[in-house]
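This is what each chain is made of:
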Amino acid sequence: MKRASLLIVLVMLASMMAACGSLASVGGGDTTIKIVSSLPRTGSSKGQTDSIVNAIKQRLEEAQYKACDGKITLSYEDMDDATAAAGKWDAAQEASNANKAAGDADVMVYLGTFNSGAAKISIPILNQAGLVMISPANTYPGLTKPGKGEADEPAKYYPNGTPNYARVVPADDLQGAAAARWAQSLGATSVYVLDDTELYGKGVADVFEATAKELGLDVKAHDGIDGKASDYRALAAKIVAAAPDMVYYGGITQNNAGQLLKDIRAEGFTGKFMGPDGIYESAFIEAAGADAEGVYATFGGVPAEKLEGDAAKWYADYKAKYNAEPEVYAVYGYEAANVAVNAINTVCKKDRAAILSAVMGTKDFKGILGTWSFDANGDTSLTAMSGAEVKGGKFEFVQPIK
Amino acid sequence: MATMRPSAIRTVPWRLLGQIAVVIFCLLFLTIPFVEMVKAMIADPQLLARQLLIGVTNGAYIALIALGYTLVYGIVELINFAHGDLYMLGAFFSLSLIGAFSLTTETPWSIRAPILIVVLIATMGFTAGLNMLVDRWAYRRLRGVGSRMASLISAIGISFVFQNLGLLWGYLRFPFMNGVMGSNAVAPKSFPALLPSVNLFAGTGVRFGAKDLIVVGVSVVLLIGLYLFVSKTRLGKAMRATAQDRDAAALMGIDVNRTISLAFVLGGALAGASGMLVGLYNGTAVFDMGFTAGLRSFTAAVLGGIGNIVGAMLGGLLIGIISALSDQYISTKWTNAVVFGILVIILVFRPTGLLGDDTVQKA
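Chains as they are written, first to last, in our numbering: chain A, 1 to 402; chain B, 1 to 363.
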């Protein structure tokens, strides 16, 4: 009988929680607008996403959580699309976040995601709800650009036909190509391409490979790695035998990039190692230990400490406020929130459709990254790219690349 | 307790048909790639030698983990799904101790070597004890009552518990651990490079580091030790008797529960040893490393014939070598498919594994 009563209590608790949930979605009237973000807040991406969330909060605090001359109150929720068990973003969690936001009548803007694979899941859900989504970090081209990904991309992400997704970072068709050109200018004549078989990683590695071939670099091979394998020693021996000047890894830190690099170095590879923005974070350097020294990474935009004008002011404010160096995507987190607040100010009403078209129609926007626009696909007109190298245990800016 | 012989009700010779299908498939699709592979092997014998050595080293620690599966299965017919995660906890435990002794690459060998041996023994003790407690608290209660499925499912549950323990372990920030857990709880933990990586075959074009030798050496010593223990000692004899017929063994005065505990202790100790070895060898430990390693090792145990100790060693070695060759000559993307494909092929011809025996000992 004890068990039965426990069960009843549990059921009652569960139904009470469900009731609270449905009450909450009734909402706070016409003057409250909620902005949510969905980013991997658990796992080793946390360093990056902490600084994105900080930057979003920074922008909202500058507006004092008000829009439209105080007529609208803004609120913000920081959602996690990672689970501890996965250690990185999780498809089911991202779907649940998107559904929650879509079902909450107060939510007018969805900021996210960090990983392109996660965006693939939430864009269609939010599209059907007519909710605008602004990503501070997705770089897979197929999410927005026709002809750059699979044949049915990007149309399949927008079931109701109206694009609802924009991103403030340049996509990987630019990054992968810039990386290949940089590799050549660093003196590499042969490369060995690896990827983590995820949407983002394989996408950027494919562009890198194609550009490298156009440039006349000798592409020794292109292999996909199992991000859960315990070691890559045999692959490393294969790479050493192929003797490339450079190994290019398209992927994220969370798919075992640190172990991969360790094994490649342990097998005696002394050439260069380059990766995209997916490894441009302190978690990668921690995972790879001393072997991280000299690793090259590319990313969209310019590093915070090199920013000029408004962005330089932002950088100083950020450091003063949070007493920490922002990671590379923080500035995009700020800019994404910036675009959202700007659109709400323009529209001045609580209307998903109006805010969506205001965001998508952003033209000649004076953001902290400069004056830029979204094109018809939702891509930023900014194309600045940077190259960095690990020196003394941290990434240091080397040069702008394109 | 009688088993129904499957052949008594079989009308269609499925196994024979399966075998014929496999042979035809191999001849049709695999002959040409196989010939190409052999050509590539002959073209660069040094690379082949290196890959074989990698395979042997990886195989050695896979065998250590596989033995844990096989020992437990042989005696209680339980597939201990938590075993891979026990290996992960071994790696975390040893890393914590390494931090506590503040071992670094600067520590002189005269101090480093004895401490590493102490850490190895302590780690083996830790995982052995943990495995024994799990048997006592979880599996033993379910033994003999209800279906075997109950123990199996509780083993999956224990696996989750262990994995989350590993996750929590990453949050530990005791000052005595000297910061070995890094700054991010969930991120992979870096082991200091404590084993020497001098190439023993320098000048030959083949790479075989001193640390590879240490991994193989320690594994072989433990494997031989276990083999001798099970085949020569009184306790080993008790284990074999219990595996053969638990009731009869009990009638002969063998304390069955203690003997089963012993299997868990031995398997746990080996898992701990390989956790530490792999940590030092690969240089990384992460809370979900037990899953992949466990899957590979379980496959090794099945390949060799689950319940058979020599079979598990052989299976581990084969899996290690096959993976290395597949990484080199096929593609890393295909390695899992190749490993499990070969498992399927072998099981079609020998359903009990390479060295598993056909005689039904238990019902």
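You may find that some hints are simply not true.
[To be verified] Label pairs and their computed distance ranges (CB to CB):
hint: 1; chain 1: B; residue 1: 14; chain 2: A; residue 2: 376; range: 35 to 41 angstroms
hint: 2; chain 1: B; residue 1: 174; chain 2: A; residue 2: 364; range: 40 to 46 angstroms
hint: 3; chain 1: B; residue 1: 100; chain 2: A; residue 2: 383; range: 29 to 35 angstroms
hint: 4; chain 1: A; residue 1: 186; chain 2: B; residue 2: 173; range: 38 to 44 angstroms
hint: 5; chain 1: B; residue 1: 149; chain 2: A; residue 2: 62; range: 55 to 61 angstroms
Note that these hints are calculated values from the structure, not bench results. All residues carry an ideal CB built from backbone N, CA and C; glycine is no exception.
Each hint, compared with the structure:
1. The supplied range of 35 to 41 angstroms is broken by residue 14 of chain B and residue 376 of chain A, whose beta-carbon atoms lie about 59 angstroms from each other.
2. For the hinted restraint 40 to 46 angstroms between residue 174 of chain B and residue 364 of chain A, the CB-CB distance of approximately 55 angstroms leaves it violated.
3. Range check, residue 100 of chain B to residue 383 of chain A: Cβ separation about 51 angstroms, and the 29 to 35 angstroms hint is violated.
4. Between residue 186 of chain A and residue 173 of chain B, the C-beta spacing of about 39 angstroms keeps the proposed range 38 to 44 angstroms intact.
5. Between residue 149 of chain B and residue 62 of chain A the C-beta distance comes to about 59 angstroms, which sits within the given range of 55 to 61 angstroms.
Checked against the numbered hints given earlier, this structure breaks hints 1, 2 and 3; the rest are met.
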